Amino acid sequence: MSCGPGRARTWWLVTLLATLAGPALAAQPADPSPERWAKQVETYEEQDKASPPPAGAVLFVGSSSIRMWKSIPDDFKPMPTIARGIGGSRISDQVHYAERLVIRYRPSQIVFYAGDNDVWAGKTPEQILADFKEFVATVRKALPKPPIHFLAIKPSPSRAKVWPQAREANRLVREYTETEAALTFIDVATPMLDADGKPRTDLFLKDMLHLNRKGYEIWIPPVKAAIEKGAAAK
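Under my numbering, the first residue of the sequence shown carries the number 1, and numbering increases by one thereafter.
Derived by calculation from the structure, the hints in this document are not laboratory data. Be aware that a few hints might be false.
Heads up, simulated DSS-like pairs for lysine-lysine below, C-alpha to C-alpha not over 30 Å straight-line [as the list claims (entries may be wrong)]:
#1 Lys145 to Lys206
#2 Lys145 to Lys229
#3 Lys224 to Lys133
#4 Lys133 to Lys39
#5 Lys224 to Lys198
#6 Lys145 to Lys70
#7 Lys214 to Lys224
#8 Lys229 to Lys70
#9 Lys70 to Lys214
#10 Lys77 to Lys224
#11 Lys70 to Lys133
#12 Lys77 to Lys49
#13 Lys39 to Lys206
#14 Lys70 to Lys161
#15 Lys229 to Lys206
#16 Lys229 to Lys161
Label-pair ranges, simulated between beta-carbon atoms [stated by the list, open to error]:
#17 Lys49 to Asp187: 30 to 40 Å
#18 Lys161 to Asp202: 15 to 25 Å
#19 Ala142 to Lys198: 21 to 31 Å
#20 Glu45 to Thr201: 34 to 44 Å
#21 Ala50 to Gly122: 34 to 44 Å
#22 Glu228 to Glu126: 14 to 24 Å
#23 Glu35 to Arg104: 17 to 27 Å
#24 Ser51 to Ala233: 23 to 33 Å
#25 Ala195 to Arg140: 17 to 27 Å
#26 Gly88 to Lys161: 33 to 43 Å
#27 Ser51 to Glu217: 21 to 31 Å
#28 Ala50 to Lys198: 37 to 47 Å
#29 Gly122 to Pro78: 37 to 47 Å
Keep in mind it's a predicted model, so treat the numbers as computed, not measured. All residues carry an ideal CB built from backbone N, CA and C; glycine is no exception.
Start from the sequences, fold in the hints, and give me the full structure.
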């Protein structure tokens, strides 16, 4: 088959675009199988059978910052709460398990924290936004009304080198939440920075990744305010 000048130019353009896009696509890390968390999810389901969670509760869901927040029931009294954190999980894992970790509880509101591990794994801010949009879309199919609150990806000393990417992801998510109903961005990140814009070491456990009590005490007021505003808007 002959290839005229027009086809030649088209072929050249397609080849160029593929060459330019290749590295960017290759640099995007693949998500590991969510099945690695299957036992943890099953453990939560067994707990629910033994002690049924309250109906219409505020659901806290996400990664280790939720799993290690043991004082959630006391911190948000008298609101009924459920906490379903999976340490090490990514936003894609929350999408995969949305039916079992979110939807089946029929929560009145959802407090979401994930993205920390995504940034550390090399995901771009744009992909983090896309993954969160997928989480929202998945939940909204079954639960169109409950407010969803996105807790800003936190700055931590142990992951300071990826804070610029996390900060950009936060910016993108914030802009997205401003365009959607019943979707809010809670900025818990800014008060966790010192005067030089670096993560405060006094807010973390020895691993400089997970929050200590002082760190969670920074989170509680803005989270509580968002939940109260969400309840008043109903």
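Hints, one by one, checked against the model:
Distance restraint check for lysine 145 and lysine 206: the Cα-Cα separation of roughly 40 Å exceeds the 30 Å cut-off, and the hinted pair is therefore not satisfied. Among the hinted pairs, lysine 145 with lysine 229 is consistent with the structure: their alpha-carbon atoms are about 14 Å apart, no more than 30 Å. A threshold of 30 Å between alpha carbons decides the hint, and for lysine 224 with lysine 133 the separation of about 23 Å falls inside it, so the pair holds. Distance hint between lysine 133 and lysine 39 is fulfilled; the C-alpha atoms sit about 26 Å from each other, no more than 30 Å.
Taken as a hint, the lysine 224 and lysine 198 pair is honoured in the structure, with Cα atoms around 25 Å apart against an allowance of 30 Å. Between lysine 145 and lysine 70, the direct Cα distance comes to roughly 27 Å. Compliance with the 30 Å bound is thereby established for this hinted pair. A hinted pair counts as satisfied when its Cα atoms are at most 30 Å apart, and lysine 214 with lysine 224 qualifies at roughly 16 Å. Restraint check for lysine 229 and lysine 70: satisfied, since their Cα atoms lie roughly 24 Å apart, inside the 30 Å limit.
At most 30 Å may separate the alpha-carbon atoms for a hinted pair to count; lysine 70 and lysine 214 meet this at roughly 14 Å. A C-alpha spacing of about 10 Å is found between lysine 77 and lysine 224, which places the hinted pair at or below 30 Å, so the restraint holds. Restraint check for lysine 70 and lysine 133: the C-alpha separation of about 28 Å stays at or below 30 Å, so the hint holds. Between lysine 77 and lysine 49, the direct Cα distance comes to roughly 23 Å. Compliance with the 30 Å bound is thereby established for this hinted pair.
With a C-alpha separation of about 28 Å, the suggested pairing of lysine 39 with lysine 206 holds against the 30 Å cut-off. Of the supplied pair hints, the one linking lysine 70 and lysine 161 holds, its CA atoms being roughly 28 Å apart against a limit of 30 Å. At most 30 Å may separate the alpha-carbon atoms for a hinted pair to count; lysine 229 and lysine 206 exceed this at roughly 35 Å. Taking the CA atoms of lysine 229 and lysine 161, the gap is near 34 Å; set against the 30 Å cutoff, the hint is violated.
Checked against the given bound of 30 to 40 Å, the beta carbons of lysine 49 and aspartate 187, roughly 37 Å apart, stay inside it. The given range of 15 to 25 Å is respected by lysine 161 and aspartate 202, whose C-beta atoms sit roughly 20 Å from each other. A hinted range of 21 to 31 Å for the beta carbons of alanine 142 and lysine 198 is inconsistent with their spacing of about 41 Å. The given range of 34 to 44 Å is respected by glutamate 45 and threonine 201, whose C-beta atoms sit roughly 38 Å from each other.
At about 39 Å, the CB distance of alanine 50 to glycine 122 agrees with the hint of 34 to 44 Å. Separation of glutamate 228 from glutamate 126 is about 32 Å and departs from the stated range, judged on CB atoms against 14 to 24 Å. Look at glutamate 35 against arginine 104: about 19 Å separates their beta carbons, and that is inside 17 to 27 Å. The hinted range of 23 to 33 Å is satisfied by serine 51 and alanine 233, whose Cβ atoms lie roughly 30 Å apart.
Distance hint check: the CB atoms of alanine 195 and arginine 140 are about 40 Å apart, inconsistent with the given range 17 to 27 Å. For the pair glycine 88 and lysine 161, the beta carbons lie near 19 Å from each other, so the given range of 33 to 43 Å is not met. Taken as a hint, the range 21 to 31 Å holds for the pair serine 51 and glutamate 217, whose Cβ atoms sit roughly 28 Å apart. A hinted range of 37 to 47 Å for the beta carbons of alanine 50 and lysine 198 is consistent with their spacing of about 44 Å.
Range check, glycine 122 to proline 78: about 42 Å between beta-carbon atoms, so the 37 to 47 Å window is met.
When each numbered hint is compared with the structure, violations occur for hints 1, 15, 16, 19, 22, 25, 26.
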